[in-house]
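Undergrad: Below are the chains, spelled out letter by letter.
There are 2 protein chains.
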Amino acid sequence: MFEIVKRDGMARMGKFEVHGKIVETPALLPVVNPKINTIPPRELYEKFGFKALITNSYIIRNTPELRDKALEVGLHEMLDYPGVIMTDSGTFQSHMYGEVDLKNEEIVQFQHDIGTDIGTVLDIFTEPFWTKEQTAESIEVTLGRTKVACDMKGDMLINGVVQGSIYQDLREDCARKMASMDIDVHPIGGVVPLMEQYRYSELVDVVMSSKRGINHSRPVHLFGAGHPMILALATLMGCDLFDSAGYAKFARDERMMFIDGTFRLSDMQSLDCDCPACRGHTLQELRRMEKKAKTRLIAEHNLYQITHELALVRRYLQEGRLWELAELRCRAHPALLDALRRLKEHQAQMELSDPISRDGAIFYTGPESRGRPTYLRYLQRIRDRYVPPTDKAVIFPECQGKPYSRPYAEDFDKARRAGFTPIVVSPFGPVPAELDEMYPLAQSLFPSIPDMETDTESERLTFQFLSAAGFKGAITPEQIPEDGTMEYDADLLRAKAVARYQFGIPAADALFRGEIQLVRSKKTGKIRNVISDGEHVLSMRAGDGLYTLRMEGAKRIVEAVPAPHMRVVVMDDAVPFVSDGRNVFAQFVLSCDQNLRPMEEVIVTDGKDNPVATGRMFLTPFEIPFMKKGMAVKVRSGSDD
Amino acid sequence: MFEIVKRDGMARMGKFEVHGKIVETPALLPVVNPKINTIPPRELYEKFGFKALITNSYIIRNTPELRDKALEVGLHEMLDYPGVIMTDSGTFQSHMYGEVDLKNEEIVQFQHDIGTDIGTVLDIFTEPFWTKEQTAESIEVTLGRTKVACDMKGDMLINGVVQGSIYQDLREDCARKMASMDIDVHPIGGVVPLMEQYRYSELVDVVMSSKRGINHSRPVHLFGAGHPMILALATLMGCDLFDSAGYAKFARDERMMFIDGTFRLSDMQSLDCDCPACRGHTLQELRRMEKKAKTRLIAEHNLYQITHELALVRRYLQEGRLWELAELRCRAHPALLDALRRLKEHQAQMELSDPISRDGAIFYTGPESRGRPTYLRYLQRIRDRYVPPTDKAVIFPECQGKPYSRPYAEDFDKARRAGFTPIVVSPFGPVPAELDEMYPLAQSLFPSIPDMETDTESERLTFQFLSAAGFKGAITPEQIPEDGTMEYDADLLRAKAVARYQFGIPAADALFRGEIQLVRSKKTGKIRNVISDGEHVLSMRAGDGLYTLRMEGAKRIVEAVPAPHMRVVVMDDAVPFVSDGRNVFAQFVLSCDQNLRPMEEVIVTDGKDNPVATGRMFLTPFEIPFMKKGMAVKVRSGSDD
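The listed protein sequences correspond, in order, to chains V and D.
Heads up: the first sequence runs through residues -14 to 626, numbered per the working numbering.
Heads up: the second sequence runs through residues -14 to 626, numbered per the working numbering.
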């Protein structure tokens, strides 16, 4: 059972419950070779905090004394490991050494018999150099074997591996077929050669296409990915589980993992690492160490690099800043920078999952930042939902690295009095003055020295927008006539523009009906509440300049705009609880507006389109049908509150 | 006494000897408030490895019991600290609280009397908002006080603080006047407000202008810089010492330092830190801790963040990859990205110190990478030293993220047979085929998906070069005539082109005189040795594709090209040692070619321009006159070898 507790990009922070034990994701499972005890499993659990590991059932089965012991006392006792144990099936051995002398049924049964928590089908490893036909045929075999395994699994959980080489359509199709089977985890397989050859941009395509097909209620495991340098990016793309055999393998070869690569002890110029394993040692000491102690120390070092990075990934995910971390990490190698640049091609897919708002500042790290979903969403929304107050524009250059108008306040006023709409050119593209205190604009920080790509694109997008929005002309700030006399209400313009941006034009029209009164903060002077015809319909959050929807506002929208706009429809059984202010859980949702995004304001309705609550979306519309557990909508207030 | 042992960019890894104790630089000195013992100095030394610290002599002097104790037992015993102790003078207090009730002579004398290792003048803190006149006047006062301090210092070392607010000419001038005084360390002062206000691009200007004036035999201390996020960039710019009061101050305010910023405990979403202080604690536990234990834990955490980053800076410096680390770190905040972009304006100054070659791959991290000195140097050298074999060019697009021709080998051959010179468009600009195995071209890795800025600039630079180099036209690979019959020797073209690039055209002509024989590696087929008229004049290194100069080659250059080209002239006393193969030490150098760069091949001559050795430059020409210690040229072979 997998539950999402926090999200960012396509990343999920989750709780994966396996036989009563909880694995908090994103998590990495160290690979334990049952024949080589580099670091005892008990220490992995207690000292390093790894609550799950992987070992290889194929090796155990082919080693008589291990096989007998595992069958006799069970895998957990044999390894002396109290956490979750996943076993691999021999597939990777077939990739490395060719065919294995084993049948799928045998290895699935064996995994079951030794008490594995999560077993693996004997899937076929699709090599990146395979033809499409060869790949498609082998996927059929894997799917057949997976079906058999599902029938046999009993109380064991089962990995249903997504294969498909580098063919995105095959990956998506394989994942979709796996999604409908009774598997428990979606590993993405066959990617080790891509990582070994630094083909990270293709890895991005493989992960993103696989993600399109999977069942979102199951964790996604990127099989064989364990280098700290890839963890942030892979988590951002929605991978939940990782594993590392490298920490021990590299240690035996005297290779040390760092966040920026793996280095041979013999090539290193200095140690200068302050992880708990290395602290106090010099490079010379380490080199002179007796082999076993050296292997042990390097394996520990490698694990500390992993735990260190995983802690950072979790922290950034919690803070909603995982994009920033992934962008930083992708500068560690040009092949990773390629991956980041490739990710922009999947911007629209990313946008479906990316939360509508988050706390704190947003940092631009380079032109690649424009590949974040929030940039695409902003442009789509101002294209579809922005109504210019006048048809003449004044174009202001971006100021001081902020797409933000405060330094221009006087000029804005002059422009508006003369009947012009002020628009600031920013890395987001055009920023109409009415929107400049809203997320993501006001929260974003840019360097004041621009780069050519962002600079050029900012201008291009602005002129594209001016034309599409029907502006009849644009002038520079110097050209604003001095003697404007037009009256305007800047706050009302802002209040309406933000409502249109957030809820669409028809909904905003319903909310701003009749006489409008804006209640301002005494401290900041900013809009706090919108009262329409005496009804309090909206409140504006100080943090992100976006609205929370009140029940009165929800009713207006339901009356004026046909379903499914902004609706999440719940089963009748749930109505009493939700209207009482309880959260909406996924399994009680009948249907919902497919255009909703995480953190978006929603209207919870019953089957007859009566509004029963307002709240914020937590899951995506496409996740909800899959989820067996967890909150779909965080309800703010119910109709009975 | 300060000695440079390794270098990269303008960074120096050094040994600073103070009263018989060695401080290895770059180093950070934690600030110890003598009244608040957050972490005992003995622990700073033993547990955290800080071999030097700073404390405040002004506070000690103004606290009767501390003053009496310090005068009685000395500062080291009072603090129980065996390392190097630097003291500040009260200047920062004057910045914080206005005038201090103290004379320069008094505080200098007091520092001397309590046994400070490195004392500080009572300089005047130049605020960033000061006018230029005000700043210039206060610098005069600081210079006068510094002169007095130098006369009084005795066996104490003294800090001569570079001031000058944000005025680059004043900074440079102040540093130059300090350089001629008998001070021991060059702190750069008055920068804390810039850092507090995230004005990092101005900090870059301040550091770079100060560096232009200083005496290079002294360490440079960036006063008040202690946040891990700034250490890589500041070290790259040639700062050797740092200090941090923040680790303890922030701890008292419950603020935790991380590589990407400082976060308030109350704002944090999760702890997820695996430093030795935090390991095993949750955010909730930490918040609930009793105040003193909490302060202590956070102070330790902050110190671990600093030591962790400093270790990384040292590792990258050792590996010659500090540019990469600084570029990564500058993505942590848009204001730091601004600083990185500003650094490009100082590219020419940087280029004077940047080593001519280094081991290992060079990673491109974004368009900012083109601001590295090696890009400028490459363009200057092909402009001045490249001779086109023919006057018609074929322009090849960059391939697979490498400015490297191997995939084009057949097309290159076809082009050359048809009388064309193949040129690859790369992020470096134009790469003539003859140069493509040479540092930095062959060692560089780029993403295969280009960004607009680098893409546009690559083309612009290529067309600029074609015109300047006298090419009469350029075609695309598809336009190469099939039936070329021109004969050419690709290796000889390469051998000559690299020699011109490295030593200049006249020197290369002298080296490639008469009959040329190229000795190739049996294994790789690449050029190894150049024999000219039977004399072995050059060897080509496999690592970077550049030459080492043999004595026979050196003699040819001395005969053909007038001094000072490539010369380092040593005193007569040193000649017997150097001609015997010993390294050249700075204090024995009489003069040298001002165009030499670190790691460049040089010819050591006596006063009569007789070559006595060949070797590689280690210091820069402008450092040599200042250095009292350390190797200037690493000699490969002497004339008597």
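Treat each hint with caution, since some may be false.
Copies of the same chain look alike in the list, so a pair counts if it works inside one copy or between any two.
What the hints assert, rightly or not - Cross-link-like lysine-lysine pairs, in silico, DSBU-like; alpha carbons within 30 Å at most:
#  : residue 1 : residue 2
1  : K117      : K20
2  : K511      : K329
3  : K32       : K279
4  : K329      : K(-9)
5  : K619      : K399
6  : K32       : K117
7  : K6        : K511
8  : K(-9)     : K279
9  : K32       : K276
10 : K117      : K619
11 : K36       : K279
12 : K377      : K277
13 : K234      : K277
To be clear, the hints were calculated from the coordinates, so they are not data collected in a lab.
Undergrad: Each of the hints needs a verdict: does it hold here or not?
TA: Do the hints match the structure? See the list:
no., hint, result
1, K117 x K20, "neither (37 Å within a copy, 73 Å between copies)"
2, K511 x K329, "neither (35 Å within a copy, 41 Å between copies)"
3, K32 x K279, "both (19 Å within a copy, 23 Å between copies)"
4, K329 x K(-9), "within (23 Å within a copy, 40 Å between copies)"
5, K619 x K399, "neither (43 Å within a copy, 68 Å between copies)"
6, K32 x K117, "neither (45 Å within a copy, 59 Å between copies)"
7, K6 x K511, "neither (48 Å within a copy, 60 Å between copies)"
8, K(-9) x K279, "between (39 Å within a copy, 28 Å between copies)"
9, K32 x K276, "both (22 Å within a copy, 28 Å between copies)"
10, K117 x K619, "neither (44 Å within a copy, 58 Å between copies)"
11, K36 x K279, "both (25 Å within a copy, 28 Å between copies)"
12, K377 x K277, "neither (76 Å within a copy, 62 Å between copies)"
13, K234 x K277, "within (13 Å within a copy, 44 Å between copies)"
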